[in-house]
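Turn these sequences into a full structure, and let the hints steer you where they fit.
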Amino acid sequence: MIDVIWSTLPFLFEGLWMTFQISIVTIFFGSILGAAIGLLRTMNVTPVNLILGAYIHTLRGTPFLIHLYVVYFILPTTGISWLQLEAFPAAIIALSMYTSTYVAEIVRAAIQAVPRGQVEGARSVGMTALQTMWYVVLPQAAKLMIPPMGGIYVIIIKGTSIVSVIGIAELVRAGEHATQRHPRELMVIYGMVALMYFAYCYPVLRLARWAEGKFGTLDTNG
Amino acid sequence: MDWLLGFYDWFLGFYNYRIVIQYLPEFGRGLWATIWISAISMALALSLGTVVAIMRISANPISWRIAAGYVQAIRSTPLLVQIYVIYFALPALPLLGRRLDELEGGILALGLNAGAFMSEIIRAGIQSVEKGQVEGAMSVGMTYLQRMRYVVLPQAFARVIPPLLGQTAVLIKDSSLVSFIGVFELFGAGLFVYSERLKPNEGYLTVAALYLLIYFFMMYLANSAQRRLGGGRAAQ
Numbered sequence: 003m004i005d006v007i008w009s010t011l012p013f014l015f016e017g018l019w020m021t022f023q024i025s026i027v028t029i030f031f032g033s034i035l036g037a038a039i040g041l042l043r044t045m046n047v048t049p050v051n052l053i054l055g056a057y058i059h060t061l062r063g064t065p066f067l068i069h070l071y072v073v074y075f076i077l078p079t080t081g082i083s084w085l086q087l088e089a090f091p092a093a094i095i096a097l098s099m100y101t102s103t104y105v106a107e108i109v110r111a112a113i114q115a116v117p118r119g120q121v122e123g124a125r126s127v128g129m130t131a132l133q134t135m136w137y138v139v140l141p142q143a144a145k146l147m148i149p150p151m152g153g154i155y156v157i158i159i160k161g162t163s164i165v166s167v168i169g170i171a172e173l174v175r176a177g178e179h180a181t182q183r184h185p186r187e188l189m190v191i192y193g194m195v196a197l198m199y200f201a202y203c204y205p206v207l208r209l210a211r212w213a214e215g216k217f218g219t220l221d222t223n224g
Numbered sequence: 006m007d008w009l010l011g012f013y014d015w016f017l018g019f020y021n022y023r024i025v026i027q028y029l030p031e032f033g034r035g036l037w038a039t040i041w042i043s044a045i046s047m048a049l050a051l052s053l054g055t056v057v058a059i060m061r062i063s064a065n066p067i068s069w070r071i072a073a074g075y076v077q078a079i080r081s082t083p084l085l086v087q088i089y090v091i092y093f094a095l096p097a098l099p100l101l102g103r104r105l106d107e108l109e110g111g112i113l114a115l116g117l118n119a120g121a122f123m124s125e126i127i128r129a130g131i132q133s134v135e136k137g138q139v140e141g142a143m144s145v146g147m148t149y150l151q152r153m154r155y156v157v158l159p160q161a162f163a164r165v166i167p168p169l170l171g172q173t174a175v176l177i178k179d180s181s182l183v184s185f186i187g188v189f190e191l192f193g194a195g196l197f198v199y200s201e202r203l204k205p206n207e208g209y210l211t212v213a214a215l216y217l218l219i220y221f222f223m224m225y226l227a228n229s230a231q232r233r234l235g236g237g238r239a240a241q
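If you read the sequences in order, they're chains A and B. Per our numbering, the first sequence starts with residue 3, numbered consecutively. Per our numbering, the second sequence starts with residue 6, numbered consecutively.
Keep in mind the hints are simulated off the structure, nothing from the lab. Treat the numbers as computed from the prediction; the structure is a model and nothing was measured.
Derived list of chain A stretches under chain B, where covered just means 3 residues or more per stretch with a C-beta under 8 Å from a C-beta of chain B: (1) 53-64; (2) 76-82.
If we take Cβ atoms under 10 Å as the criterion, some of the chain B residues that face chain A in the derived model are: (3) G18; (4) F19; (5) A78; (6) V90; (7) L95; (8) D179; (9) S181; (10) G195; (11) G208; (12) V212; (13) L218; (14) I219; (15) Y220; (16) F221; (17) M223.
Note that the Cβ used here is the ideal one computed from N, Cα and C, for glycine as well.
Written as structure tokens, this is what we have:
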């Protein structure tokens, strides 16, 4: 058993490195997209809200697996050349869209949690709507967004396991390869894979809990 | 009318509804399988979640440590890995011997996964019941079990039904992952159509629409439960 662990560990670490890279890229793009959507939704322009609401409900209402297959298998059938995506960009796009729905809800809830008087005060001293948003609302809202973002990061890390099905060599895929070399040691190999995810996610969850105590909780369902 | 015919041709190439009609029985079977797999997993998750929630708030360190460890282990690992561990790895344990079949393994994994998330929701519900309620029940001489059964849990569940329905919606989506250990359910129906006709759109887009249908039904349930119960907000 020890030699199985020893011989598969380098492969699994390569997989973990890939999982790490995907999750970092995804939280970056997913947060930008999500922040834009969340900001737009707080502006209460009816047609924009309808479109963004449809976007969020469609993504929330279908499994991530479907998003991945739509981006990877269905977009190429439209015949548009720039939609013929390789596995890696397809995975990043699908994961970022999935992430953006969560981020959008958090950004919106955080902005709405800033007391109305703050906006009124800023407007009454002559700030424009943009200035109010940038100098008064966002700095206060940003603090509220920190704790739930930890939860989102963990959702992304766990989501990256699913992109193994389109052939990306991340941690689960690395585990599958290892089981093909050592078919009798399934328990050990999947146990190691699970431990590696745990070692990556658990500190993030603890950090989010700590941040909750420091910055307060946010009701994202409103 | 030429452009209309042209559009129709393009549409048939992109999404040939005749194939969907031909495979309607498969989609129906898949939808039905997803519904009952989710129902059994939810029943498992609810009972497990209740027990774990009660263990988690108990004063006994062994009991709450086990509960907390279980919740953290589930929350910090992906469902796909949990499914693989239970389906491929658990039978390797000498005491289990018999291999779980795909369906048992899948349902067990989904139940264990959702159970952890539901236990957190139920725990919040239990802790939201006012202390006076428990004290009142104690003062009329109820035992611990009676207090839980007749006073605390009914109030706790009334408050958390909307978020529990939201978690169930997540469970239904997550159940698509058991198709990778060979369980035939809704997503499996999409995979099947793709494998037979090599047309991804007819399979996956149809499946996506059916998942959306389930999701809107769950949202409707959560919203009406919320309206009827007054309290807590529905989970998204």
